[in-house]
Amino acid sequence: MHLTLLSIDWLLLIEKCVLILIIISVSLVIAMYETWAERKVAAFMQDRRGPNRAGFGGLLQPMADGLKLFMKEEIIPTSSSKFLFVLGPGMAMLTAMMTSAVIPWSSHFHLFGRDVSMQIADVNIGILYIFGVVSMGVYGIMIGGWASNNKFSLLAAIRGASQIISYELAMGLAIIALLMITGTLSLGKMVEQQQEHGLYNFVVQPLGFLIFLVCAFAECNRTPFDLSEAENELNFGYHQEYSSMKLGFYLFAEYINMFISSALMASLYFGGFDIPFVNDAAFGAHFGQNPLAILQVVSLFGKIVLFIFFFMWVRWTIPRFRYDQLMNLGWKVLIPLALFNMLATGFIVLLKAHGWHF
Amino acid sequence: MGITQVLFWFLSILAILSAILVVVSKNPVHSVLWLIVVFVAISGHYILLDAQFLAIVNLIVYAGAIMVLFLFVFMLMNLNADTEPQKNRWLKIAGVVTGGALLLVLVAALKKADMKAQLAEMGHGNIGLIHNLGAVLFSDYVVPFELSSALFLSAMVGVVVIGKKD
Chain C
1 MHLTLLSIDW
11 LLLIEKCVLI
21 LIIISVSLVI
31 AMYETWAERK
41 VAAFMQDRRG
51 PNRAGFGGLL
61 QPMADGLKLF
71 MKEEIIPTSS
81 SKFLFVLGPG
91 MAMLTAMMTS
101 AVIPWSSHFH
111 LFGRDVSMQI
121 ADVNIGILYI
131 FGVVSMGVYG
141 IMIGGWASNN
151 KFSLLAAIRG
161 ASQIISYELA
171 MGLAIIALLM
181 ITGTLSLGKM
191 VEQQQEHGLY
201 NFVVQPLGFL
211 IFLVCAFAEC
221 NRTPFDLSEA
231 ENELNFGYHQ
241 EYSSMKLGFY
251 LFAEYINMFI
261 SSALMASLYF
271 GGFDIPFVND
281 AAFGAHFGQN
291 PLAILQVVSL
301 FGKIVLFIFF
311 FMWVRWTIPR
321 FRYDQLMNLG
331 WKVLIPLALF
341 NMLATGFIVL
351 LKAHGWHF
Chain X
359 MGITQVLFWF
369 LSILAILSAI
379 LVVVSKNPVH
389 SVLWLIVVFV
399 AISGHYILLD
409 AQFLAIVNLI
419 VYAGAIMVLF
429 LFVFMLMNLN
439 ADTEPQKNRW
449 LKIAGVVTGG
459 ALLLVLVAAL
469 KKADMKAQLA
479 EMGHGNIGLI
489 HNLGAVLFSD
499 YVVPFELSSA
509 LFLSAMVGVV
519 VIGKKD
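These protein sequences, in sequence, are chains C and X. Take the first sequence: its position 321, counted from the start at 1, is 321 in this note's numbering, and no numbers get skipped. Just so we're on the same page, this note's numbering is the position in the second sequence counted from 1, plus 358.
If you're looking for bench data, these hints aren't it; they were derived computationally from the structure. Each hint can be trusted.
In the PhoX-like style, the derived pairs of lysine-lysine whose C-alpha atoms are separated by at most 20 Å in a straight line are:
| no. | chain 1 | residue 1 | chain 2 | residue 2 |
| --- | --- | --- | --- | --- |
| 1 | C | K332 | X | K523 |
| 2 | C | K82 | X | K384 |
| 3 | X | K522 | C | K332 |
Here are some chain C residues pointing at chain X (derived, C-beta under 8 Å):
| no. | residue |
| --- | --- |
| 4 | V123 |
| 5 | N124 |
| 6 | L128 |
| 7 | Y129 |
| 8 | F131 |
| 9 | G132 |
| 10 | S135 |
| 11 | M136 |
| 12 | V138 |
| 13 | W146 |
| 14 | A161 |
| 15 | I165 |
| 16 | L185 |
Which chain X residues stay away from chain C? Per the calculated CB distances, all over 12 Å, these:
| no. | residue |
| --- | --- |
| 17 | L372 |
| 18 | L375 |
| 19 | K445 |
| 20 | G453 |
| 21 | L462 |
| 22 | K470 |
| 23 | V494 |
| 24 | D498 |
| 25 | V500 |
Just so it is clear, CB atoms sit at the ideal spot from N, CA and C, and this is done for glycine as well.
All chains, full assembly: derive it from the sequences and hints.
Here it is in structure tokens:
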């Protein structure tokens, strides 16, 4: 047996590992500071001050919270099924992290004589991969809720899972309309197209974006769709029995999901890493590739921060839906709207293909 | 062994082991979870064959949607060891014998199937890519494709009719 294992492109492997490490740590740090930002935004909306004791402006508060979660006593209920009880938060965290693999964070850096792409995997099914991982994300909630052996947890888990499945449909239909226009599933190519046209997909697909946005809220279990953690009905939701860092994982996974779905919306509908009002190619030719790539990262993160703020803004403005209202909105409003959007888009694409001009 | 072979053996062993655990597990919820592992392993095989679309659709539809419905049912039915009827030992033996007989028939039937002419293309085929798949579905296989979508539509209408309250 010869060692063909050694014929792998080791540099590529190292490059990807470093990139994965960076993106995961960035996601974690962003999720940490999302908790801080959420409390600050909430305080701002309710005319309070929010956390302001630990560090300047409460900036060290997430560290203190994390430390507290690590130090707390870890309780695994005796009547729970132990392995699954631990697996639940792990699954939630894993699926939240995995979606970041196909998002293009910037064009590419030119380092050590290599073009280092800022996308972990440019697979040609890009957007479908995200759907696959998101549909796996249901199991984090379901396994945790069931393994807790608590009626409220189970009810909350089933609510959460059925909500996610229902809204996934409308989300998929909204994406199909976008795919008809772009003609590719790869997120990297979609961003490139938007850069070339200079016209963001948001302008072409306003209805599709709206549907996608609403569904993203539902997929992240954020208010007004946080039916699975409705305190007044279900105590604390599917993570009722969890304590310590396992609870922390569930809460963290929600914030990472929010970050990733913001990145996704920015990439799909708002040009991704494209710098607004600037011709990126000309800028790169003038100032060099690396400064351009850095600015593109900054631009993408600017867009992401705006979306995250929007998530929080909605959370502290709109009250929670009732469960039947939630299902009615999903099945009777969003899916027909998305279907209509799909048909209309298909019609226009067909007309354009036959030489009609608008 | 190249990386493809390492992955192939890993995925195959994972698939077979978890398939056995699906049958052996006492708790039906555990069985469903092992079945999800089987689906994930099979999706891995699809990716090795460069059928990425099939892999991800397998994940979304089977592991993501159908298995969730299975879990719903099992979690709400409250199946315990005491409520579940215990099967007779002879019934189990009879099941093993008939299953083994079926395996024998399958092996006998497939022994002559000529597999050498259709070697799987590992890592470099492009039949499974979404572009080619779509072209084939809408040209060569358009009638079966449309028929099956009509079937799905009628099933959906049927569900709505049954699900209506009055």
